[in-house]
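Q: Sequence lines, in order, name chains F and G.
For reference, each letter of the first sequence is one residue, going 1 to 172 in my numbering.
For reference, each letter of the second sequence is one residue, going 1 to 327 in my numbering.
It should be emphasised that the hints constitute simulated quantities derived from the structure, not laboratory data.
There may be inaccurate statements among the hints.
EDC-like mimics (lysine to aspartate or glutamate), calculated; alpha carbons at most 16 Å apart, straight line [to be verified]:
no., chain 1, residue 1, chain 2, residue 2
1, F, Lys34, G, Glu97
2, F, Lys34, G, Glu56
3, F, Lys34, G, Glu98
4, F, Lys34, G, Asp148
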Amino acid sequence: MATTVPAVLGLLALVDAGFAGFRAATGRNARIRKRSYHLTAARRGFVVGAAALALVTLPIAATLVFTADPGARYDELVRAGTRMLQVLAPFAVPVAVSLPAYWLLPMRGSTFVILVGLGPFTLARPVVVIGATAWSVAGSVDWLVWAVAITAAVGVLTVEPLVHRRWYGAPV
Amino acid sequence: MANCRGTPKQAASTAPDRYSSTMAVLEISDLVAVWDPVTGERLPVHRGEVIARLREVGDERAARIVQRMPVTGEFLDPVAVDRLLVRVHTELQRLNEELHMAQRFTEILVPVLTAVRAAGSRPRIVDIGCGIGFMVRSLAASGVLGTDVELVGVDFNRALVDEATRLAEDEQLPCTFVCADAFALAEEATVYLSSGLLHHFPADRLAEFFRAQDRAGTQAFIHYDIAATRLAPFGAWLFHRARMREPLGRHDGVVSAMRAHGDDVLLSAAAHAGGMDAFLFESPKYTNPFCAAMRPVVGLRPALTGDFRRALGRRARGLVAARAKVG
Numbered sequence: 001m002a003t004t005v006p007a008v009l010g011l012l013a014l015v016d017a018g019f020a021g022f023r024a025a026t027g028r029n030a031r032i033r034k035r036s037y038h039l040t041a042a043r044r045g046f047v048v049g050a051a052a053l054a055l056v057t058l059p060i061a062a063t064l065v066f067t068a069d070p071g072a073r074y075d076e077l078v079r080a081g082t083r084m085l086q087v088l089a090p091f092a093v094p095v096a097v098s099l100p101a102y103w104l105l106p107m108r109g110s111t112f113v114i115l116v117g118l119g120p121f122t123l124a125r126p127v128v129v130i131g132a133t134a135w136s137v138a139g140s141v142d143w144l145v146w147a148v149a150i151t152a153a154v155g156v157l158t159v160e161p162l163v164h165r166r167w168y169g170a171p172v
Numbered sequence: 001m002a003n004c005r006g007t008p009k010q011a012a013s014t015a016p017d018r019y020s021s022t023m024a025v026l027e028i029s030d031l032v033a034v035w036d037p038v039t040g041e042r043l044p045v046h047r048g049e050v051i052a053r054l055r056e057v058g059d060e061r062a063a064r065i066v067q068r069m070p071v072t073g074e075f076l077d078p079v080a081v082d083r084l085l086v087r088v089h090t091e092l093q094r095l096n097e098e099l100h101m102a103q104r105f106t107e108i109l110v111p112v113l114t115a116v117r118a119a120g121s122r123p124r125i126v127d128i129g130c131g132i133g134f135m136v137r138s139l140a141a142s143g144v145l146g147t148d149v150e151l152v153g154v155d156f157n158r159a160l161v162d163e164a165t166r167l168a169e170d171e172q173l174p175c176t177f178v179c180a181d182a183f184a185l186a187e188e189a190t191v192y193l194s195s196g197l198l199h200h201f202p203a204d205r206l207a208e209f210f211r212a213q214d215r216a217g218t219q220a221f222i223h224y225d226i227a228a229t230r231l232a233p234f235g236a237w238l239f240h241r242a243r244m245r246e247p248l249g250r251h252d253g254v255v256s257a258m259r260a261h262g263d264d265v266l267l268s269a270a271a272h273a274g275g276m277d278a279f280l281f282e283s284p285k286y287t288n289p290f291c292a293a294m295r296p297v298v299g300l301r302p303a304l305t306g307d308f309r310r311a312l313g314r315r316a317r318g319l320v321a322a323r324a325k326v327g
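Make the full structure from the sequences, and use the hints.
A: Below you can see the structure in the form of structure tokens.
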């Protein structure tokens, strides 16, 4: 758990950042063929997400180095991360299933996935992230847990607007 | 100054009645950009009048959106309005891509064109109210309809037509765009199509629109529009909220769903194209509504109907015919 929880959370954050980059670029390029445009946008989202992840990770490492009982505080962070996953995983799994379903299913099935899955998921995402953050810090009095959870949530939720404003403010 | 009632000129060209007093809900995009349908001349739009009109129907949110639009004197700045409409249409294209609208048209167009070619006609497809030309450009890019098909997009909005032309040239797509009345082109269409246009017409003007397509050279029409279900306004709100950024686009998306015509209204209006057989295809009444957020009215010359049904295969079961022809 000590390595699995942070690894899964980090992976989720990076994949989410890639899709946030994709979303940031959508509705700004009316060309028909835009595969490379979308890949570039996803890469930009990924890079911004990775930077945000570093902003979360480095203070954790710095704090643990100088704390009296790093093991206990790390365990507290892992417990918070586990609680965060309890909210994120039930959301992430259907999203992860919906994406290949959208790409692979025939037209009508694919439309169904968009209408009942991916569309509503996009709207629900900020609520889920805030809910996961609240649940992860609930019951913890460690300021590090609160700081890490809130910084991570802000980082996840700001990738899309940052990428959009930096690169995709106007139609191509 | 904007003309605030439908005019005989608009009626003659079957242009959507942008100011019909019978409609309870109004789309901002219909009010902020107005053209003389005969001359194509852009008409100045008085911002105060648009706001008053929106407040008259109780749409304060829409009034606030228009209030924020730039003006020159008392009139909306046409350049700013055009830029806004291009942005909204660009965002709207994403929804069309997600709903596979090009594939949906292709599914019907391929059997229609098979029947048209068998009848000896050269396929010329005209997209009415093409906006930035997503459908035409998408069909041109796919090449799935064949190299003998002429693809033309028509719209009253010069800025949208210019953007469609720019995008097509950018990707070297074999299609053209014209700023004109679709029914006043030098050459008639073999097939007329549209996407998201029908709800812009009040119900009592739909018959005229369909009748205009019952002309000698025309073999078929395919008009996709939002399926009028109880869920449609909520679905439109959800998707425009999730996918669009422009407040105007979000507003008009929901209003479009509220204005969508029911199956019976569309079928009885399409029956006014007296020389054609009219159908609804995959109406939500007969199919999963989550797979049919958009559904088309299809019209065909009777001589083509048999070939079309055969070419459509088992999907032909989704065709619902108009009960009786009119005129």
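Q: Does each hint fit the structure? Answer for all of them.
A: Checked hints:
1. Lys34/F <-> Glu97/G: Between Lys34/F and Glu97/G the Cα gap is close to 12 Å, so the pair holds against 16 Å.
2. Lys34/F <-> Glu56/G: Answer violated: Lys34/F to Glu56/G is near 43 Å, above 16 Å.
3. Lys34/F <-> Glu98/G: It holds: about 14 Å lies between the C-alpha atoms, which stays within 16 Å.
4. Lys34/F <-> Asp148/G: Cα-Cα ~26 Å, so violated.
Checked against the numbered hints listed earlier, the structure breaks hints 2 and 4; every other hint is satisfied.
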